[in-house]
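Visitor: Each chain, written out:
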Amino acid sequence: RKEVEQDPGPFNVPEGATVAFNCTYSNSASQSFFWYRQDCRKEPKLLMSVYSSGNEDGRFTAQLNRASQYISLLIRDSKLSDSATYLCVVNINTGNQFYFGTGTSLTVIP
Amino acid sequence: DAGITQSPRYKITETGRQVTLMCHQIWSHSYMFWYRQDLGHGLRLIYYSAAADITDKGEVPDGYVVSRSKTENFPLTLESATRSQTSVYFCASRQGAQDKNIQYFGAGTRLSVL
Chain A
33 RKEVEQDPGP FNVPEGATVA FNCTYSNSAS QSFFWYRQDC RKEPKLLMSV YSSGNEDGRF
93 TAQLNRASQY ISLLIRDSKL SDSATYLCVV NINTGNQFYF GTGTSLTVIP
Chain B
205 DAGITQSPRY KITETGRQVT LMCHQIWSHS YMFWYRQDLG HGLRLIYYSA AADITDKGEV
265 PDGYVVSRSK TENFPLTLES ATRSQTSVYF CASRQGAQDK NIQYFGAGTR LSVL
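These protein sequence lines map, in sequence, to chains A and B. According to the working numbering, the first sequence is numbered sequentially starting from 33. According to the working numbering, the second sequence is numbered sequentially starting from 205.
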């Protein structure tokens, strides 16, 4: 069983739409959670960390549900520039066990 | 801003050859990582290092060797390249507990083993 599972998509949404991605993790000892963004053939870049109480950064909202072991990312008012692959990342301990999902592909259509 | 650089960016080699991928970071971050990214697998950890002269295996270490004689450099060597090692390799670093485990990635090395 993979440590982190994501729906690969693709998600094709019109500009201005709201889209949500979910990610599940298998290890209940997971401590830190992140969403990274990866553009085609580029390196992953941190989009946002995910905190227990949920957090928001502009049009992006991240939620964590420890009981069900999933995290989510909500993107409101989608822009063309949001087109990318979104990676769910889980840290098992405060050391170096980072596990990446395979990514969810988003294309925002004019 | 290229705080972490990888070289070469592209490499084609033949089966059985030794290949070294370089990684350099300017921040003196304690932790450095090597990942490979393949379709259907996402990023998988090959090796990591907590400090100079301290390295440890990740999820997929077989066929790879690392060293870390200086804090800023973390080369990855494929001792005898195989076709299954064709992949995109990313190096990453993080400072430590202070930065809440955020990793910063290099631009990647695309390696093809023929």
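No lab work stands behind these hints, which were simulated from the structure alone. Since the model is a prediction, treat every value here as computed from it, not as a measurement. Do not rely on the hints blindly, as some may be mistaken.
[Claimed, not checked] Cut-off 27 Å, straight-line C-alpha distance, at most; resulting in silico cross-link-like pairs (DSSO-like, lysine-lysine):
| # | chain 1 | residue 1 | chain 2 | residue 2 |
| --- | --- | --- | --- | --- |
| 1 | A | Lys34 | A | Lys74 |
| 2 | A | Lys34 | B | Lys261 |
| 3 | B | Lys261 | B | Lys215 |
| 4 | A | Lys111 | B | Lys274 |
| 5 | B | Lys274 | B | Lys215 |
| 6 | A | Lys74 | B | Lys215 |
| 7 | B | Lys261 | B | Lys274 |
| 8 | A | Lys111 | A | Lys74 |
| 9 | A | Lys74 | B | Lys261 |
| 10 | A | Lys77 | B | Lys215 |
| 11 | A | Lys77 | A | Lys111 |
| 12 | B | Lys274 | A | Lys77 |
| 13 | A | Lys34 | A | Lys77 |
[To be verified] Across the chosen pairs, the derived CB separations fall in these ranges:
| # | chain 1 | residue 1 | chain 2 | residue 2 | range |
| --- | --- | --- | --- | --- | --- |
| 14 | B | Thr209 | A | Asp71 | 42 to 50 Å |
| 15 | B | Gln299 | A | Thr50 | 28 to 36 Å |
| 16 | B | Pro265 | A | Glu47 | 25 to 33 Å |
| 17 | B | Lys274 | A | Lys77 | 19 to 27 Å |
| 18 | A | Arg91 | B | Glu283 | 18 to 26 Å |
| 19 | B | Val292 | A | Thr139 | 29 to 37 Å |
| 20 | B | Arg314 | A | Pro42 | 16 to 24 Å |
| 21 | A | Asp71 | B | Ser211 | 43 to 51 Å |
| 22 | B | Thr217 | A | Ala49 | 22 to 30 Å |
[Stated by the list, open to error] Chain B side only, calculated, beta carbon under 8 Å to chain A, not exhaustive:
| # | residue |
| --- | --- |
| 23 | Ala206 |
| 24 | Ile230 |
| 25 | Trp231 |
| 26 | Tyr235 |
| 27 | Gly244 |
| 28 | Ala311 |
Just so it is clear, CB atoms sit at the ideal spot from N, CA and C, and this is done for glycine as well.
Visitor: What's the verdict on Lys111 of chain A and Lys274 of chain B, does the C-alpha distance respect the 27 Å limit or exceed it?
Guide: Given pair Lys111 of chain A, Lys274 of chain B is violated - Cα atoms ~42 Å apart, limit 27 Å.
Visitor: Between the alpha carbons of Lys34 of chain A and Lys77 of chain A, is the straight-line distance 27 Å or under?
Guide: 22 Å, holds
Visitor: Sort out whether Lys261 of chain B lies within 27 Å of Lys34 of chain A, counting only the CA atoms.
Guide: 18 Å, holds
Visitor: Do Arg91 of chain A and Glu283 of chain B keep their Cβ atoms within the hinted range of 18 to 26 Å?
Guide: 47 Å, violated
Visitor: Holds or violated: Lys34 of chain A with Lys74 of chain A, Cα cutoff 27 Å?
Guide: Judged against 27 Å, a Cα distance of about 24 Å means the pair holds.
Visitor: Under the criterion that the straight-line Cα-Cα distance not exceed 27 Å, is the pair Lys77 of chain A, Lys111 of chain A satisfied?
Guide: It holds: about 18 Å lies between the C-alpha atoms, which stays within 27 Å.
Visitor: So the hint says 29 to 37 Å: do the beta-carbon atoms of Val292 of chain B and Thr139 of chain A match that?
Guide: 21 Å, violated
Visitor: Within a Cα-Cα threshold of 27 Å, do Lys111 of chain A and Lys74 of chain A meet the stated pairing?
Guide: 19 Å, holds
Visitor: CB of Thr209 of chain B to CB of Asp71 of chain A, is that within 42 to 50 Å?
Guide: 18 Å, violated
Visitor: Is the shortest C-beta separation between Ala311 of chain B and chain A less than 8 Å?
Guide: 5 Å, holds
Visitor: Verify the CB-CB distance for Asp71 of chain A and Ser211 of chain B against the hinted window 43 to 51 Å.
Guide: Hint violated: Cβ distance 21 Å, outside 43 to 51 Å.
Visitor: Do Gln299 of chain B and Thr50 of chain A keep their Cβ atoms within the hinted range of 28 to 36 Å?
Guide: At 35 Å between Cβs, range holds.
Checked against the numbered hints above, the structure violates hints 4, 14, 16, 18, 19, 21, 22, 23, 24 and 25; every other hint is satisfied.
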